[in-house]
Amino acid sequence: MSPPSHTAAVRYIYEQHHSWLHGWLKGKLHNACDAADVAHDTFVRILGGRHAAQIIEPRDYLATIARGLVIDRYRRRAIERAYIQTLAERPEATAISEEDKAIIIETLVAVDKALCGLGERARRIFMLSQLEGLTYQQIADQLQVSLTTVKKHMIRALTECALTMASL
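At position 129 of the sequence shown (counting the first as 1) the number is 129 in the UniProt record's numbering, and the numbers step up by one without a gap.
Do not rely on the hints blindly, as some may be mistaken.
[To be verified] Keeping only pairs whose Cα atoms sit at most 20 Å apart, straight-line, the calculated EDC-like set for lysine to aspartate or glutamate is:
hint: 1; residue 1: LYS152; residue 2: ASP141
hint: 2; residue 1: LYS152; residue 2: ASP100
hint: 3; residue 1: LYS113; residue 2: GLU160
hint: 4; residue 1: LYS101; residue 2: ASP60
hint: 5; residue 1: LYS26; residue 2: ASP72
hint: 6; residue 1: LYS113; residue 2: GLU80
hint: 7; residue 1: LYS113; residue 2: GLU89
hint: 8; residue 1: LYS113; residue 2: ASP141
hint: 9; residue 1: LYS26; residue 2: GLU15
hint: 10; residue 1: LYS26; residue 2: ASP60
hint: 11; residue 1: LYS26; residue 2: ASP37
hint: 12; residue 1: LYS28; residue 2: ASP41
hint: 13; residue 1: LYS101; residue 2: GLU80
hint: 14; residue 1: LYS28; residue 2: ASP72
hint: 15; residue 1: LYS101; residue 2: GLU132
hint: 16; residue 1: LYS151; residue 2: ASP141
hint: 17; residue 1: LYS151; residue 2: GLU132
hint: 18; residue 1: LYS113; residue 2: ASP41
hint: 19; residue 1: LYS101; residue 2: ASP112
hint: 20; residue 1: LYS101; residue 2: GLU89
hint: 21; residue 1: LYS113; residue 2: ASP60
hint: 22; residue 1: LYS151; residue 2: GLU120
Bear in mind the hints are in silico, worked out from the structure with no lab data behind them.
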């Protein structure tokens, strides 16, 4: 007998474990709508893969994916709040359409994700340069690293950001 197809395996996992996942997420998120969204996104992620038939412990697998999605959700909300707060603190009134706001937030989330993959030093150097406006030499002095180290990390960070922007 041949193993079940990917789609059949996803269907089986959904039928057997969706209720459990939704309940588990409701306990974590304290919101049925958010739990339903994350449960849905979890199964979309599994469906987009190709290995559902090889999943041995579905609940562990579902929980791992869902945890990552919850972290992404909190990160996105934190970025949205920071963006809205930044707009509110601007002296001039800024009118931004909902579409532009969504594009800006998507871009910020993507850049944040790219920067999180860099490591703490590279991320710190990038932030000091781009947000604080420090020169490379000032960053080197503040972090007590060489100018070459600052340049190396900036090249890496800017490359990651460029690759992220190109994929949007």
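Here is what the structure says about each hint:
no.: 1; hint: LYS152 x ASP141; in the structure: holds (15 Å)
no.: 2; hint: LYS152 x ASP100; in the structure: violated (33 Å)
no.: 3; hint: LYS113 x GLU160; in the structure: holds (10 Å)
no.: 4; hint: LYS101 x ASP60; in the structure: violated (36 Å)
no.: 5; hint: LYS26 x ASP72; in the structure: holds (17 Å)
no.: 6; hint: LYS113 x GLU80; in the structure: holds (14 Å)
no.: 7; hint: LYS113 x GLU89; in the structure: violated (25 Å)
no.: 8; hint: LYS113 x ASP141; in the structure: violated (27 Å)
no.: 9; hint: LYS26 x GLU15; in the structure: holds (18 Å)
no.: 10; hint: LYS26 x ASP60; in the structure: holds (17 Å)
no.: 11; hint: LYS26 x ASP37; in the structure: holds (11 Å)
no.: 12; hint: LYS28 x ASP41; in the structure: holds (16 Å)
no.: 13; hint: LYS101 x GLU80; in the structure: holds (9 Å)
no.: 14; hint: LYS28 x ASP72; in the structure: holds (14 Å)
no.: 15; hint: LYS101 x GLU132; in the structure: violated (23 Å)
no.: 16; hint: LYS151 x ASP141; in the structure: holds (13 Å)
no.: 17; hint: LYS151 x GLU132; in the structure: holds (16 Å)
no.: 18; hint: LYS113 x ASP41; in the structure: holds (18 Å)
no.: 19; hint: LYS101 x ASP112; in the structure: holds (16 Å)
no.: 20; hint: LYS101 x GLU89; in the structure: holds (16 Å)
no.: 21; hint: LYS113 x ASP60; in the structure: violated (24 Å)
no.: 22; hint: LYS151 x GLU120; in the structure: holds (15 Å)
Checked against the numbered hints given earlier, the structure breaks hints 2, 4, 7, 8, 15, 21 and satisfies all the rest.
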